[in-house]
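Colleague: Spelled out from the first residue to the last, the chains are:
4 protein chains.
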Amino acid sequence: MGAFQEFPQVEAGRLYNKLSVRPSSLEVIPAVIEKAVRTSIYGRPGSCYIDIPGDFVNLQVNKNSVKYVECCLPPPISMAEHSAVSKAASILALSKQPLLIIGKGAAYSHAENNIRKLVDLCGLPFLPTPMAKGVVPDNHPNCVAAARSMALQHADVIILFGARLNWILHFGLPPRFRQDVKVIQIDICAEELGNNVKPAAILLGDINAVTKQLLEEFSKRSFKYPSNSEWWKRLRVKIKNNEERSKGLALQKSLPMNYYTVFHHIREMIPKDSILVSEGANTMDIGRTMLPNYYPRQRLDAGTFGTMGVGLGFAIAAAMVAKDRAPGKQVVCIEGDSAFGFSGMEVETICRYNLPILIIIVNNNGIYTGLDANSWKEMLKLGNPATCVPPVSLLPNSRYEEIMSAFGGKGYFVKTPEELRNALKASVADKQTPSLINVMIDPQSERKKQEFPWLTRSNL
Amino acid sequence: MGAFQEFPQVEAGRLYNKLSVRPSSLEVIPAVIEKAVRTSIYGRPGSCYIDIPGDFVNLQVNKNSVKYVECCLPPPISMAEHSAVSKAASILALSKQPLLIIGKGAAYSHAENNIRKLVDLCGLPFLPTPMAKGVVPDNHPNCVAAARSMALQHADVIILFGARLNWILHFGLPPRFRQDVKVIQIDICAEELGNNVKPAAILLGDINAVTKQLLEEFSKRSFKYPSNSEWWKRLRVKIKNNEERSKGLALQKSLPMNYYTVFHHIREMIPKDSILVSEGANTMDIGRTMLPNYYPRQRLDAGTFGTMGVGLGFAIAAAMVAKDRAPGKQVVCIEGDSAFGFSGMEVETICRYNLPILIIIVNNNGIYTGLDANSWKEMLKLGNPATCVPPVSLLPNSRYEEIMSAFGGKGYFVKTPEELRNALKASVADKQTPSLINVMIDPQSERKKQEFPWLTRSNL
Amino acid sequence: MGAFQEFPQVEAGRLYNKLSVRPSSLEVIPAVIEKAVRTSIYGRPGSCYIDIPGDFVNLQVNKNSVKYVECCLPPPISMAEHSAVSKAASILALSKQPLLIIGKGAAYSHAENNIRKLVDLCGLPFLPTPMAKGVVPDNHPNCVAAARSMALQHADVIILFGARLNWILHFGLPPRFRQDVKVIQIDICAEELGNNVKPAAILLGDINAVTKQLLEEFSKRSFKYPSNSEWWKRLRVKIKNNEERSKGLALQKSLPMNYYTVFHHIREMIPKDSILVSEGANTMDIGRTMLPNYYPRQRLDAGTFGTMGVGLGFAIAAAMVAKDRAPGKQVVCIEGDSAFGFSGMEVETICRYNLPILIIIVNNNGIYTGLDANSWKEMLKLGNPATCVPPVSLLPNSRYEEIMSAFGGKGYFVKTPEELRNALKASVADKQTPSLINVMIDPQSERKKQEFPWLTRSNL
Amino acid sequence: MGAFQEFPQVEAGRLYNKLSVRPSSLEVIPAVIEKAVRTSIYGRPGSCYIDIPGDFVNLQVNKNSVKYVECCLPPPISMAEHSAVSKAASILALSKQPLLIIGKGAAYSHAENNIRKLVDLCGLPFLPTPMAKGVVPDNHPNCVAAARSMALQHADVIILFGARLNWILHFGLPPRFRQDVKVIQIDICAEELGNNVKPAAILLGDINAVTKQLLEEFSKRSFKYPSNSEWWKRLRVKIKNNEERSKGLALQKSLPMNYYTVFHHIREMIPKDSILVSEGANTMDIGRTMLPNYYPRQRLDAGTFGTMGVGLGFAIAAAMVAKDRAPGKQVVCIEGDSAFGFSGMEVETICRYNLPILIIIVNNNGIYTGLDANSWKEMLKLGNPATCVPPVSLLPNSRYEEIMSAFGGKGYFVKTPEELRNALKASVADKQTPSLINVMIDPQSERKKQEFPWLTRSNL
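Residue numbers (the working numbering), protein chains in the order written: chain P, 1 to 460; chain F, 1 to 460; chain A, 1 to 460; chain B, 1 to 460.
A couple of the hints might just be wrong.
Copies of the same chain look alike in the list, so a pair counts if it works inside one copy or between any two.
[Stated by the list, open to error] Straight line, CA to CA, 27 Å or less: simulated DSS-like cross-link-like pairs of lysine-lysine:
| hint | residue 1 | residue 2 |
| --- | --- | --- |
| 1 | 63 | 198 |
| 2 | 410 | 18 |
| 3 | 18 | 377 |
| 4 | 381 | 431 |
| 5 | 323 | 377 |
Derived by calculation from the structure, the hints in this document are not laboratory data.
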């Protein structure tokens, strides 16, 4: 059976809150909030749940009896022990086909500067996990994301910076990895170390602090992986081939458009420092390849569990923070049409707070039936809809952009590259108004053929 | 503290499924479904949860190894013991100010014919709970719904037909009931008997079967409560006064319209046998008074827990069944604007299956701030939206009807009685197309003043 | 897979309390207790859990503010509908090989007199489930418990009085039952009807009330199953054979004694109206056959889930009630040595309250290793006990009776029938002192060979 | 309300397993066990729960298909960041009234050598929490356990080595601590930092590694707290007074003995390297003061939650490990009579495995009624035991030692210091036989008067 069967707790453990707390009186609410905030940022970051009893909403409190508390100290930083750092450096230095994998833990710990220095200093190929994109910019010459499968499959030493060997990384197991791959794990969470693969070295500590330790170690050793190695050559060939295939797809002129064409134009038209939010199956997946991140912590996607319906909430939260700390920053929320349906009513919230959000729906008509809207209606008249409509289909040709205009935002319905570019241009220009672009694409549009199936299940 | 505090289990018990079952193999799915269906309809009706593991979706099964099972027998019927029936009849016969309360258990057990006979035979005033409306038609002369508070407060004997003494019936306690009220409880569920009030008689059994037992008893005794009693006179005066107040509010000409006006026109324009679905605070509450039911099991509202967001799901389920068993029947779903927001995206489902649903949004702009849309936008430009927009407000002047047109249904935006009547007429006439009427009402429109606060909390 | 796999909820549902309630203040404790008591006795009897917060123990309350409540009415009685009664009677009247099964529901509803009348009136063979023993006395000539397997396997019509078709009754499925058996179910709980087998008739109601309805029906029809039928002949032959085999085992003279010998003497020496409590594997199982009950509700055993460790708690509860309501009544608690170990320390409670309890440990030295105590000690000296002692063994020759004398009760260590009879005589004679008889039996003693394995798993 | 009310999650969080895992097939059991063991020892140590389905017990597996896995690497070690170490050292160096508190985290991380060096190097007063006793020997001259309340109350800087500010340390709040106390926290678990008190410095990492960092820091700074400071003088006076009071109680000649006398003799007679297990209220509490530990990880008591019934299980586990790794080591399990009753039947397990365990029951007859055994029996004859026996009492004069002899161990009943010394001598001399000493003490014997109530509740 599959990975979720085998180790449900490993994955599911992340579903739970770090803390679930219920204040017993109004007086202690500040203390409860301090505890929740502190717990969520100390150690491995995670959410906390504060359950304020409904009865409290209308209660009154004597302000003098409230127990105010100060804000907590910045999160404590821990480092790996010296011997583990040294061991990791030795293993890496002996590697013939090294690979550095950057996980979202690296983003959380603000390790971008040090990881970039390490990549540059040692000349290592690197690969980001989806939410680690931008820790080192996707256009850095050492990024081998376009040769991901090959890099994973042939690396002899892999060093993980806050990335877990879960299903997104195929559990670190054959056939997606070499049987004899040496894994070096850097993580803030001891319990993640050794999961699924026995590592060659384990470095427990804050990702940024440990990266700094490695930098110091490599500064002393002056290790540089040669850029003309066989490994780099193979990777560069693969990257070139893959990028050309993507480019070919992106420049196809036929209509309706395909995914690659749509992402190509989005990439060209949106500001480079936009916060990207993404969900959907193909939309999120292809978007990971086609939409580059140049800055850390600017990509939010459905994450480890692939939970749909989170995109608009993420976009709203990102825009609220951005409005406060980075006025003028654009949030671009790219959604499959099915994913949008989970919480599309949040458009009302976006408009109510007038947030700088551009929603782009890459609309392949759900899982399409091949009918146009009129034939669909005819079909419905003939029989019981419960039996004649496939339960996993959505209504074709839905005008999602009208949901935006219903609440005072701007809606665009686009079918061609020109229409798409015009709509993107107008949306980005008018930061005062939320907008939604409903992009009709070819229902047959698919991801490029992959060598391995999408969902990796543990060999266990 | 309140009732939910005191007896969380009593109420919360209803939240749980009667059965939660997970098939261990594909072969036993029919047996599991038979069990779930049977459990949901035997005894007190309730939901069952079948958890089919995700892995099963793509498994194959040898058809010969499947354990098919026959459909279960019709639900068993139980009756009350004779002495309890006789005792109940005696208590009722001696009552000076009797009241019959019909609960949704009466609807579930198809007791409408026998309860109506009993009401007519004995000349008793009756009151339906929200989902029992229509068991006896709301326009029956013995219906005292328009004098509800007075009827409850002064009755000396109350007989409950499948209605529970929970918060909706104010726990059966003073000041909403007489301290010395004699309660006769008829219920299919033994554990409901005696909750909150010690009854004078308890009749355990199927509501319809027990009603028949009572009918037989009263046929022998030939008991008839006099229609010229003091109690009837007081009730009739109260009814007349209340109806006149409602009528006065309904006929107000000022704009924007109030709730009563809106419901008045809906009542006149929709088919009498429509299935009514309702949710929202004032919308559901005032609608209980203003929108009559003439048939049983044709009203679905948020029920005991007042859970918002269920309306569109209820409407879809009702329409699917109606399309199959009662073609041509109209489902009318009356929603507050806040309630609609919980699951407004279900409009896509409605349109996908082309269901005969008319959604009416009684739109008071959420909890309004007093600003028009322009002033609102100005305000947003001035500051951080998180602090300047009240968190419980919705966006004013939302054009919910465009959500319907986005998916191919018909949307109407109405501000006057004439527009409302035209929209209702058009919607009802075109059964082939789902429609949504967005009715703008006066944000200050409120329920008539009540003698008691809305939410009853237990004295306990 | 097995039954527990297939329908965990069906069985496990019984594990949960009917009500779990936590008073929110001292004032409402009486109301909470009334609710718990009422809920536990109304409908299908079951336990309720009252969770009184630890903080309450030291709180004070103003007695005037306590909400006292009256005791609830006696449980309501419901009856089956007439047509179901009539249908059941017709099916039974046509049966060639009928069988009446009495479940503990019959005991709970005090149906003993009416069921006995029915058995006598109609001449039907009957079988009690373990906790229904004594509803009709085990020595009634129509009791076919000694031909249990055969009766179940060949009956063409079975009528269940408050007995469930769970694993104890082999789910009512082949090969333990005929494929074409017609099942008539009488139960107070609608949700139990139709489980595992589609019944020929379902009668929902209080067991006693429904039995009375059946009695009335059969009085009219004057149905009497002929005592000289082929079915009765076969059953009587089987009963005779089985009883002779048991008797043979009971009268064996070899030492150590076997189970049958021990139970034979217990049966002869204890008062006929003793309350029997029992747990253990073979001890409980063989005891069900060898120890007759002559009165209803006087046998407590581990029940549906076979939970070990409940025996001493049951005995204490039974003795506390007996001391109050039936002074002089003896409680006899028959335990396997393994079962006793789960809560043997409760002997202290028994002695503290000086309860009229006689504990008999039928001691086969756990799952014996074949060593005597000295060889055992030698073995332990040789190696790591964790590896040389089988984990499922108990210490041989434990002197459990000393646990009783440690707390002031009387302990007996017996190895022969004479010692056993003397100890039983002394224990029963001195009702003022708790006692414990530690009976050493042959570790190889086993149950008679059975035609079917012990644990039935559902075909599903 | 109290601390448990306020922050149930903080405390209760520790109740849960770090991992709860259920293997999906026999083949993966080794992988599941590796994961459970690794998870339990990586990061903060804690228990894991492996739920092996009952059906697996009788399944067979092809050995070749089993996925064997290697044992995990030793737990990773993390260190605090340099600046935090430096800050902590500076704060400590400026302290006028410093206090070092050693928690069980220090024991878990094997920090004993480095903490002792630090205590010696800097001349600091220290205090162990109950399960940290022995990390530095209790007879070290810097141990201020005998002046615990005063040390806590007046320290101006406190440095915590793996100790939490939970109720056992009075939440670090007034009146038990100074309002302005500066707290330095060292912990392996980030989420523990900052609980209840805002620390002056937080050092996240392995306790031993961080202690080493501090040692290095102080080696450079050559900080030594003067042994003739006012603070040391006050502490020494308090220690002397308290020790004299204890000694006075210990040497009292009156009979029955008091707690202090009993512990005094136990302390003198048992080997210094015994593993001490303890539970009970006064027994555990006074034992913490009166029974010294000279080695780390040799004291097991009921811990943070004060759960009773764990003592015998702890003793068995400790003895199994000791038998393997430290043959000849004595386990001494000191129990209150009430605590023993929770799992007294485990004596059978102790005897079955012939474990080197000496159980000492400090028997104050539960919460005594003042009756001797005969008067007690008389009382029981008079009335209903349920009402005449106080529910929190135990049976007086229980002969618990007979429970040991029932299973072949040695039991002693002692009432005087001489009998106690003889029994201790004999028990310790015969390591081949488990023994139990039942020590009768004065039911009125109490703890010395304390300045503060036993259970600290949070001010919050």
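Colleague: Against each hint, give a clear statement of whether it holds in the structure.
Modeller: Evaluated hints:
1. In this homomeric assembly, residue 63 and residue 198 come within 27 Å of each other (Cα to Cα) only across copies, at 22 Å, whereas the closest approach inside a single copy is 55 Å.
2. Taking identical chains as interchangeable, the C-alpha atoms of residue 410 and residue 18 are never at most 27 Å apart, the minima being 39 Å within one chain and 47 Å between chains.
3. Taking CA atoms no more than 27 Å apart as the test, residue 18 paired with residue 377 passes in neither setting, with 49 Å inside one copy and 38 Å between copies.
4. For the identical chains of this complex, residue 381 and residue 431 are inter-copy neighbours only, at 11 Å across copies versus 44 Å inside a copy, given an alpha-carbon limit of 27 Å.
5. Taking the closest pair of Cα atoms, residue 323 and residue 377 come within 27 Å of each other only across two copies (15 Å); inside a single copy the shortest separation is 44 Å, beyond that limit.
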